[in-house]
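With the hints as constraints, model all of the structure from the sequences given.
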Amino acid sequence: MENGSNGVLNAFRHGSMDAFETLFRLHQRAVYCWILRIVRKPTVAEDLTIETFWRIHKAHARFDPARGFEGWARRIATHAALDWLRANRTEAALTADGLREPASDSAADPAITAEIRARVAQSFARLPPRLRVAATLALIEQLPHKEVAAALGISVAAVKLRVFRASRMLRKDLEQQGIRP
Amino acid sequence: MKPNDLSQNEEQINQNEEEFQALLRKSLPSIGNAAEPARDLWPAMLRRLDEKPASVPWFDWALLAGLLGVAAFVPASIPVLLYYL
Numbered sequence: 032m033e034n035g036s037n038g039v040l041n042a043f044r045h046g047s048m049d050a051f052e053t054l055f056r057l058h059q060r061a062v063y064c065w066i067l068r069i070v071r072k073p074t075v076a077e078d079l080t081i082e083t084f085w086r087i088h089k090a091h092a093r094f095d096p097a098r099g100f101e102g103w104a105r106r107i108a109t110h111a112a113l114d115w116l117r118a119n120r121t122e123a124a125l126t127a128d129g130l131r132e133p134a135s136d137s138a139a140d141p142a143i144t145a146e147i148r149a150r151v152a153q154s155f156a157r158l159p160p161r162l163r164v165a166a167t168l169a170l171i172e173q174l175p176h177k178e179v180a181a182a183l184g185i186s187v188a189a190v191k192l193r194v195f196r197a198s199r200m201l202r203k204d205l206e207q208q209g210i211r212p
Numbered sequence: 013m014k015p016n017d018l019s020q021n022e023e024q025i026n027q028n029e030e031e032f033q034a035l036l037r038k039s040l041p042s043i044g045n046a047a048e049p050a051r052d053l054w055p056a057m058l059r060r061l062d063e064k065p066a067s068v069p070w071f072d073w074a075l076l077a078g079l080l081g082v083a084a085f086v087p088a089s090i091p092v093l094l095y096y097l
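Here the protein sequences line up with chains P and W, keeping their order.
When you line the first sequence up against the working numbering, it's residues 32 to 212, in that order.
When you line the second sequence up against the working numbering, it's residues 13 to 97, in that order.
Hints in this document: simulated from the structure, not taken from any laboratory.
Because the structure is a prediction, the values reported are computed rather than measured.
Hints may be right or wrong, so weigh each one.
Said to hold, decoys possible - Under the rule of at most 20 Å between Cα atoms (straight-line distance), these lysine to aspartate or glutamate pairs were calculated in the EDC-like manner:
(1) Lys-89/P to Asp-78/P
(2) Lys-64/W to Asp-78/P
(3) Lys-89/P to Glu-77/P
(4) Lys-191/P to Glu-29/W
(5) Lys-38/W to Glu-206/P
(6) Lys-89/P to Asp-62/W
(7) Lys-38/W to Glu-146/P
(8) Lys-191/P to Glu-30/W
(9) Lys-191/P to Glu-178/P
(10) Lys-177/P to Glu-101/P
(11) Lys-89/P to Asp-49/P
(12) Lys-38/W to Asp-204/P
(13) Lys-203/P to Glu-29/W
(14) Lys-89/P to Glu-52/P
(15) Lys-38/W to Glu-172/P
(16) Lys-191/P to Glu-22/W
(17) Lys-89/P to Glu-101/P
(18) Lys-89/P to Asp-114/P
(19) Lys-203/P to Glu-31/W
(20) Lys-191/P to Glu-31/W
(21) Lys-89/P to Glu-63/W
(22) Lys-203/P to Glu-146/P
(23) Lys-191/P to Glu-172/P
(24) Lys-64/W to Glu-82/P
(25) Lys-203/P to Glu-30/W
As the list claims (entries may be wrong) - To be clear about the criterion: a stretch of chain W counts as covered by chain P if any three or more of its residues have a C-beta under 8 Å from a C-beta of chain P, and this derived list gives those stretches:
(26) 25-34
(27) 42-49
(28) 55-63
From the three backbone atoms N, C-alpha and C, an ideal C-beta is built for every residue, glycine too.
Following this line, the structure appears as structure tokens:
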């Protein structure tokens with residue numbers, strides 16, 4: 032068992048608040064980090080972490096301890112992030128807050144200007160949310176397609192198709208703005 | 013087109029795609045696994061769990077009842093109502 036405790040998972044399934052708190056404290060960082068990779072906004076990621084665990088709490092009776100908590104939580108987190116992207120497309124398109132995060136800035140290539148970074152971020156934000164999630168996780172975070180497929184609840188072939196379509200749309204959008212590799 | 017030309021063309025396409033993806037990664041660096049929330053989220057979680065579900069305002073129920081009444085007494089209005097849904 033991934034968290035080393037069958038008892039906690041079973042107790043959570045039966046509605047124990049203590050077990051829920053234990054799982055929350057064990058997994059909140061991983062869930063937050065996963066959501067941040069998708070939405071790239073720390074405050075939004077915090078809110079969506081709470082939303083994710085709220086959904087987890089509501090669905091406790093449907094949880095299957097044999098299949099593990101982490102993958103289940105990650106799938107719920109991915110859908111919470113997708114829902115947010117669908118509901119907040121304008122906000123997501125106008126800002127690129129993730130770029131101003133200290134960790135991201137230190138990792139950014141100095142040869143790439145702030146303007147190019149902003150345009151790439153805006154191009155990502157213009158993608159349909161389901162393509163954007165697949166492209167962000169596969170192209171930017173470089174996660175294996177299998178992992179992305181499990182989080183989205185789709186096949187690996189569907190992930191590859193989404194990434195391909197997203198890449199084509201991004202390329203076209205950026206080329207129209209005069210940005211080429 | 014000769015097979016050699018085809019493979020060269022394919023290589024060129026793959027190289028272009030790799031360069032494009034590299035540009036994306038340089039522009040939007042990976043967040044990775046190191047990020048942490050800036051605060052303890054458990055108190056906010058407890059507040060969220062204590063929230064009562066939002067109740068549907070009486071006006072919405074009245075509107076629904078009115079629409080159902082119109083649909084029941086004037087069935088010809090159903091396509092119009094569906095059109096505006």
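These are the hints, each one checked on the structure:
1. Lys-89/P to Asp-78/P: The given pair, whose Cα atoms are some 17 Å apart, holds under the 20 Å limit.
2. Lys-64/W to Asp-78/P: holds, 18 Å
3. Lys-89/P to Glu-77/P: Measuring from Cα to Cα gives roughly 19 Å; hence the hint holds.
4. Lys-191/P to Glu-29/W: Holds: Lys-191/P and Glu-29/W sit about 14 Å apart, inside 20 Å.
5. Lys-38/W to Glu-206/P: Judged against 20 Å, a Cα distance of about 17 Å means the pair holds.
6. Lys-89/P to Asp-62/W: Holds - the C-alpha atoms of Asp-62/W and Lys-89/P are around 13 Å apart, at most 20 Å.
7. Lys-38/W to Glu-146/P: holds, 13 Å
8. Lys-191/P to Glu-30/W: holds, 15 Å
9. Lys-191/P to Glu-178/P: Holds, at about 12 Å.
10. Lys-177/P to Glu-101/P: With Cα atoms ~15 Å apart, Lys-177/P and Glu-101/P stay inside 20 Å; holds.
11. Lys-89/P to Asp-49/P: holds, 15 Å
12. Lys-38/W to Asp-204/P: Distance of about 17 Å is within 20 Å: holds.
13. Lys-203/P to Glu-29/W: holds, 13 Å
14. Lys-89/P to Glu-52/P: At roughly 14 Å apart (the allowed maximum being 20 Å), Glu-52/P and Lys-89/P satisfy the hint.
15. Lys-38/W to Glu-172/P: Measuring from Cα to Cα gives roughly 11 Å; hence the hint holds.
16. Lys-191/P to Glu-22/W: holds, 18 Å
17. Lys-89/P to Glu-101/P: holds, 16 Å
18. Lys-89/P to Asp-114/P: Distance ~17 Å between Lys-89/P and Asp-114/P Cα, so the pair holds.
19. Lys-203/P to Glu-31/W: It holds: about 15 Å lies between the C-alpha atoms, which stays within 20 Å.
20. Lys-191/P to Glu-31/W: holds, 18 Å
21. Lys-89/P to Glu-63/W: Distance ~13 Å between Lys-89/P and Glu-63/W Cα, so the pair holds.
22. Lys-203/P to Glu-146/P: holds, 18 Å
23. Lys-191/P to Glu-172/P: holds, 15 Å
24. Lys-64/W to Glu-82/P: holds, 15 Å
25. Lys-203/P to Glu-30/W: Holds, because 16 Å separates the two Cα atoms, which is no more than 20 Å.
26. 25-34: Result for this restraint: holds, n = 6.
27. 42-49: holds (count 8)
28. 55-63: holds (count 4)
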